[in-house]
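Protein chains: 2
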Amino acid sequence: MKLCMIGKRGHAYYVFESIREVPGIELPCVSSGCGDDPEPLLKMARDNGFQPEFRADWKAMLDEFRPDVLCIDGPFELHAEMCAEALKRNINVFCEKPIALTLEQFENIRAAYEKSSARIVSMVGLRYEPTFYQAHKMVCAGAVGKIKTVRAQKSYRLGTRPDFYKHRATYGGTIPWVGSHALDWILWFSGSDFESVSAIQTTEDNFGNGDLEIAAHCQFRMKSGVLASAGIDYLRPAAAPTHGDDRVRVAGTEGVIEVRGGKIHYIGKNGEQVIAPETPDRRLFSDCLLELAGGRPGLVSDDETFKLTHACLLAQKAADTGTTIFF
Amino acid sequence: MKLCMIGKRGHAYYVFESIREVPGIELPCVSSGCGDDPEPLLKMARDNGFQPEFRADWKAMLDEFRPDVLCIDGPFELHAEMCAEALKRNINVFCEKPIALTLEQFENIRAAYEKSSARIVSMVGLRYEPTFYQAHKMVCAGAVGKIKTVRAQKSYRLGTRPDFYKHRATYGGTIPWVGSHALDWILWFSGSDFESVSAIQTTEDNFGNGDLEIAAHCQFRMKSGVLASAGIDYLRPAAAPTHGDDRVRVAGTEGVIEVRGGKIHYIGKNGEQVIAPETPDRRLFSDCLLELAGGRPGLVSDDETFKLTHACLLAQKAADTGTTIFF
Numbered sequence: 335m336k337l338c339m340i341g342k343r344g345h346a347y348y349v350f351e352s353i354r355e356v357p358g359i360e361l362p363c364v365s366s367g368c369g370d371d372p373e374p375l376l377k378m379a380r381d382n383g384f385q386p387e388f389r390a391d392w393k394a395m396l397d398e399f400r401p402d403v404l405c406i407d408g409p410f411e412l413h414a415e416m417c418a419e420a421l422k423r424n425i426n427v428f429c430e431k432p433i434a435l436t437l438e439q440f441e442n443i444r445a446a447y448e449k450s451s452a453r454i455v456s457m458v459g460l461r462y463e464p465t466f467y468q469a470h471k472m473v474c475a476g477a478v479g480k481i482k483t484v485r486a487q488k489s490y491r492l493g494t495r496p497d498f499y500k501h502r503a504t505y506g507g508t509i510p511w512v513g514s515h516a517l518d519w520i521l522w523f524s525g526s527d528f529e530s531v532s533a534i535q536t537t538e539d540n541f542g543n544g545d546l547e548i549a550a551h552c553q554f555r556m557k558s559g560v561l562a563s564a565g566i567d568y569l570r571p572a573a574a575p576t577h578g579d580d581r582v583r584v585a586g587t588e589g590v591i592e593v594r595g596g597k598i599h600y601i602g603k604n605g606e607q608v609i610a611p612e613t614p615d616r617r618l619f620s621d622c623l624l625e626l627a628g629g630r631p632g633l634v635s636d637d638e639t640f641k642l643t644h645a646c647l648l649a650q651k652a653a654d655t656g657t658t659i660f661f
Numbered sequence: 335m336k337l338c339m340i341g342k343r344g345h346a347y348y349v350f351e352s353i354r355e356v357p358g359i360e361l362p363c364v365s366s367g368c369g370d371d372p373e374p375l376l377k378m379a380r381d382n383g384f385q386p387e388f389r390a391d392w393k394a395m396l397d398e399f400r401p402d403v404l405c406i407d408g409p410f411e412l413h414a415e416m417c418a419e420a421l422k423r424n425i426n427v428f429c430e431k432p433i434a435l436t437l438e439q440f441e442n443i444r445a446a447y448e449k450s451s452a453r454i455v456s457m458v459g460l461r462y463e464p465t466f467y468q469a470h471k472m473v474c475a476g477a478v479g480k481i482k483t484v485r486a487q488k489s490y491r492l493g494t495r496p497d498f499y500k501h502r503a504t505y506g507g508t509i510p511w512v513g514s515h516a517l518d519w520i521l522w523f524s525g526s527d528f529e530s531v532s533a534i535q536t537t538e539d540n541f542g543n544g545d546l547e548i549a550a551h552c553q554f555r556m557k558s559g560v561l562a563s564a565g566i567d568y569l570r571p572a573a574a575p576t577h578g579d580d581r582v583r584v585a586g587t588e589g590v591i592e593v594r595g596g597k598i599h600y601i602g603k604n605g606e607q608v609i610a611p612e613t614p615d616r617r618l619f620s621d622c623l624l625e626l627a628g629g630r631p632g633l634v635s636d637d638e639t640f641k642l643t644h645a646c647l648l649a650q651k652a653a654d655t656g657t658t659i660f661f
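Chains as they are written, first to last, in the numbering used here: chain H, 335 to 661; chain C, 335 to 661.
I should point out that these hints are in silico values taken from the structure, not numbers from a laboratory. Check the hints yourself; a few may be wrong.
Any copy will do: because identical chains look the same in the list, a pair fits if it lies in one copy or spans two.
Unchecked claim - Cross-link-like lysine-lysine pairs, in silico, DSSO-like; alpha carbons within 30 Å at most:
| id | residue 1 | residue 2 |
| --- | --- | --- |
| 1 | K651 | K557 |
| 2 | K480 | K500 |
| 3 | K393 | K449 |
| 4 | K377 | K449 |
| 5 | K449 | K641 |
| 6 | K449 | K422 |
| 7 | K393 | K500 |
| 8 | K377 | K557 |
| 9 | K449 | K557 |
| 10 | K471 | K641 |
Extracted from the complex, chain H is given alone in its bound form (with noise of 0.2 Å):
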């Protein structure tokens, strides 16, 4: 298979963290696909033992090297339209999250997807961080009887960002760059479809970060009937010991499971337990490949991408509105 890549603002070293897996991988181009410097892009790619070409033009670079799949992580306004030009030259799309930042723009990719044959998944990673994928095999095992409620959390430090985090329309906002971790475990752990969505944010006290929301909150009703909650911030201090406070609690008619400080908590008929996860058997960017390449299928579908990038452009449209939406 042929791999080209777009830029590395985001996630991109997911990429070489499991390319190897891929049997037969190749990358013979990569883009910055905007001004941003292209050599710490080549220089990773060169790190993992590839030698890519660079191309400015990001779209050249499409017709000329007619890749089977594209990595896009250029910036983040810019998602959308490349996943709808693969998507519309038949190019698999593996795409940091959220893949717009408009519901626009998210139109637009669907649009694109239902003519094309290729697929799209977004960069959910945290599926594949040992606790979350072991806590939730757990639960898809029954650990907690029937799913109600779902609350996760994600607290990241804010340290110094690159200018564009100050600017909606380069950035996106909180919910949809931090907060879509913590929607999609809710997608996820529930197994439900999104009914109704109401949330909150607040841009004050942010450090001079423009519009950079320092803290949201968002309260989903799922189609299954589960309860579901989110709290986002950018406020870990920054002599905490990670960058990053993930959580995931999972309460059921028979037990209650906890993702927090990188080990599962789980309560069921026997007491409490802590469990260290095992490390999983699958990591994002070649479980991917691998099913595109007719292997087993992978934790991520494009049902799943679509419907978590719409959670978060409809949990801001609640925030910045202040209703109540249903999907």
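Based on these hints, arrange chain C on the given structure of chain H.
For chain C alone, kept in the frame of chain H given last:
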């Protein structure tokens, strides 16, 4: 001071935790306020060295004994009437929360309060739990800087509950009954009034408990701009090590403090610390009564009692109607 008591359906035992710290306190009479067997309340009084009389007619008790303070813990649906009748007689009220199950009941109490010289406090006993008490002191001392977000959790074992829990009219609902603690932490830690609320709840899979909501989520914007939410459920497994999994996480511009698992988890400038709290220097009942007797101001004000009750009822209304409600 002369105390009378009505019922022990909820937390009347708070009285006896610290009654001996109130100089000269007398307990001449109790009532169950309904058809409940009065013996458990009489026994609790005797076990604590009091020999109260019993009256079946609680209003007659008020007129006969003219207490300074009335502890109200009878049927939930009579809290409001009992509060109003006590206030009309200028008897101070120490009432199980929520003090009212409907907005109409709430307005009746407020009307009686406005014409009364007496005070009213509800049993927000968890403010006096060592972890919450000390965490609140730390927040007031600036441990997290300017507060941006508060996330609270109440998760209880369901167990087997009396029949009155099965009916909204006699139980009130899970947001007011269980959630009131979480909403009180939000009010108390944020130090701000509620501005708006949206909420969701479900009675499905409630193990045959009629109207009882097995889970609920509430999301608040505070007038100060603080974002807050509460997750509330009865899904804590019977085999869990404790009855409740009570948590609050307060994140601000300079730190994060969390009460969880009976400890305080604090991250500030110097990294993460786990703090075992000291024993508080006050307890709910005596704190209120000593203030009434002219001593140190207590932790809970009349104003907060009304604001908390109002928040519980509006959150429930938001969940019942699927709307966002402004205070």
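Hints violated by the structure (numbers, ascending):
4 and 8
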